[in-house]
Amino acid sequence: MSQAVSKTENVKDDVVRCDACPVLCRIRPGKAGACDRYANVDGVLTRVDPLVISDRTAAQGGDLVPFLSGSEGWNGSVAAPPPVKPATASFVTGVGAGTTYPDYKPAPFIVSSQHDGIDMVTVVTEGIFSYCGVKVKIDTDRFLGSEQATVRVNGEAVGHVTTAEYGSQMLSIGGVHHLTGGSKKEGTVTCDTLLALCNKDAVTLQIDDGAEVVVQAGKPPVVNGNPEERMRVGCGSATIGIFAKQWQGHCDEVIVVDDHITGVLTEHQAGRFLDMKLSGIRVRGRKSTPGRYFQVAEPGLGWGGTNISDPLEIIETIDPKTAWPGLRLLMVSTTGEHSGWYVLDENLKPQPAAMPAPVKKVVDRIAENCEPSLCTVLFMAGAGGSLRAGVTENPVRLTLSVKDRLTRVTSGGAPVYVWPGGGITYMVDVTRMPDKSFGYVPTPALVAPIEFTMRREDYAALGGHMDYVIQLDDVLRGQRLSRQEWRLDNPWPISKPSAEEQP
Amino acid sequence: MSGPQAAWLGTEAGGGRRLHMQHGPIDLIIEAFGAEDAVIKAYRQAWVRFQDILTVLVGELEALRRPLGNVHPLFRGPVARRMAEACWPHRGVFITPMAAVAGAVADEIMAAMLADNALDRAYVNNGGDIAFHLGAGQSMRAAVVCNPEHPHLDAIATLNSTAPSRGLATSGWRGRSFSLGIADAVTILAENAAAADAAATIVANAVNVDHPAIERAPARSLRDDTDLGDLPVTVTVGVLPFFAVQEALSSGTAIAQDLRRRGLIQAAFLSLQGESAVMGGEALLEDRRRIAG
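Sequence order for the protein chains is A and B.
For the first sequence, the residue numbers in this note's numbering are 1 to 503.
For the second sequence, the residue numbers in this note's numbering are 1 to 293.
Hints in this document: simulated from the structure, not taken from any laboratory.
Be careful, since some hints might not be right.
Derived DEER-like restraints, expressed as beta-carbon distance ranges [to be verified]:
(1) B:R216 / A:T443: 30 to 36 Å
(2) B:D37 / A:G423: 55 to 61 Å
(3) B:P232 / A:V441: 51 to 57 Å
(4) B:V239 / A:A164: 28 to 34 Å
(5) A:G423 / B:V58: 53 to 59 Å
(6) B:R174 / A:P442: 24 to 30 Å
From chain A, some residues computed to sit far from chain B (all C-beta separations above 10 Å) [what the hints assert, rightly or not]:
(7) G33
(8) E212
(9) D310
(10) T322
(11) A323
(12) R405
(13) L406
Beta carbons: idealized from backbone N, C-alpha and C, even for Gly.
With the hints as extra help, turn the sequences into a complete structure.
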């Protein structure tokens, strides 16, 4: 991993004068200074710290306890050494670990540490994955493209639209066929796209006969230039279902305007169940089942993803035989962003009125239930083949050990989901991994960190490279470490996985 | 520009309390054992002493990078004086005082920790060049890793208060400094860290053989401000045939034996491509090398 720190004076021939300490090294391009901490990367003084260590301190106050009591340098007093406990625990991630391809050689780091008095071993490596890709979940109800439509970056096919999920559109990007099965350019562009998505960078995707969407892990999607903000609470029908009871007694009719399915409370199953009296208000569009209407308007940026700005436009008729003067009508969108309160006058015409507080409360609750719209990127890869040989001389035993939950698999310290069935095919949320966890090789294939943690005796039993086990302390004494705070939302990996965590 | 930094290293449950001090290329890991007051005093004195170590060294850097000749150089800084003293016995071959810089810094900090202070045990580890303090009846063990890319405990050195060694240093072509030789690791036990550091450099330079699998380049072509000028330093070492490994190891061992006879070192461990040689007291330096896969 590296990070540009400053553009120092360029001495000559791209030699950089490092000003990080009094030694003032002159560093040639591609070389490091005397400390090995700073290097000249393309003429820019860059801090280089390849191996990421995640530390968990009891207070999560940081990985290192400050030595001085004050920050103003030496003032004659020094803080006492920290108490021996609470201890800092460290976990060595595979980020920057390198790999030992071909993997009949032991993995780069086989680290021994203790957890609750039990000797644990973590095999730390970086996998080179040609069978890999990402599944992207985009929280939007907008049409992005038909199922199976090709997803492109700069014109090259990098993936496809897959089955839509509730409130979200799903894309499958990458995979071995795009990486190595097509043209060289297709492979390169796919690899670049995967690398960017996995490293939490933004990528612009074009979908054949569909939208252009900017995707970045953990950020709202931008569809055709419009940033999404909130997911709807559900479709109009679902909204009726969720809130029917809370409206009962306060409203005579509720219409939830939605581009997908508009709901009408008294006609809807939920209203029928509550014995609500039919209002006789009929909306436009195509009736699906009672109280559920498709296509009440065109898609747009108005109410509930339609092009409607005056909600009364979607009311087709009000049946005088059923409706009555004084009937109380709520119109609301599926995000709660738009709402209107109406009372029918003597001519059964809806007249705007002040919304009663109990009704307003439910409208606000709709908005409250709309979660922020996000893109999520799950990296998926199969740790099959020779990678396992870096862990053990008998690879199938590693697979079995993972299935038996004796071995915990993590990726950059983040928890993974291991697919049932053969092999070690796993998925990981890239936002739970350290920044810049991923690399690539020109094959093209992605390089991702992977760690296998198990009890020492279990490691021995599966034919582990016991001669190569080193103590955690010895790793921590190394020069090129990057220490990071442990993410509290990730389970501590140096322990046995539970049934819930890993199937 | 950043000044000296210090931080406590995360402590393992039941383990000691280690202080990390860093300034530019100097990385020290320090641990003291003994009465609580004495330990705190030692850490405090180490930190005070550390403040100007690098800046004073840099002030005499140009002279420190010059090869030793027949005239003993005169330096003002106490660390520089330690460097010159440690390298002076080796002036028959090419050496600059920089060969002992890491060990000399470790010795200087150790001396500061012990000034008007009594500790049971202590060490100052300067990137593998280590100064030890051992009170009566105390001992310490240090492990040697020959190849940091495949970390593996290759040898264990045990230091006892009854033996004279208080310094341990390791040199090899993969390390941070350039080497003229091809040793994966040469570990030396000597009376102090500076002496061990200088000797490790000399012996590692001597572990050498001519073979096309060895790539060398003038030091100056790799780093501008090197003290080695146009001397050919090792860039990579390919797989060598057995006879070449043996030849290189034996020429290194000959030099190590010579240093030991002159009383400059107590023990040496030499390692090259899976083969190793131990010289001077297997009790001190126990060969733990296993057959690598």
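Verification of the supplied hints:
Roughly 32 Å separates the CB atoms of B:R216 and A:T443, a value that falls within the hinted 30 to 36 Å. The given range of 55 to 61 Å is respected by B:D37 and A:G423, whose C-beta atoms sit roughly 59 Å from each other. The hint said 51 to 57 Å for the Cβ distance between B:P232 and A:V441, and at roughly 32 Å that hint is violated. Roughly 56 Å separates the CB atoms of B:V239 and A:A164, a value that falls outside the hinted 28 to 34 Å.
Checked against the hint of 53 to 59 Å, the C-beta distance between A:G423 and B:V58 comes to roughly 56 Å, which is consistent with it. Taking the beta carbon of each, B:R174 and A:P442 are about 26 Å apart, inside 24 to 30 Å as hinted. A Cβ of chain B approaches the Cβ of A:G33 within 10 Å, the least distance being about 7 Å, so the stated non-interface status is violated. For A:E212, the requirement that its beta carbon stay farther than 10 Å from each beta carbon of chain B is met, with the minimum near 45 Å.
Even its closest Cβ contact with chain B, about 64 Å, leaves A:D310 beyond 10 Å, as expected for a residue assigned away from the interface. Against the 10 Å criterion, A:T322 stays outside the reach of chain B, whose nearest CB is about 74 Å from its own CB. Distance check for A:A323 against chain B: the nearest CB is about 73 Å away, which clears 10 Å, and the non-interface claim stands. Non-interface status of A:R405 relative to chain B is upheld: no Cβ of that chain comes within 10 Å, the nearest being about 26 Å off.
Separation of A:L406 from chain B is adequate, the least Cβ-Cβ distance of about 24 Å exceeding the 10 Å criterion.
When held up to the earlier numbered hints, the structure conflicts with 3, 4, 7 and fits the remainder.
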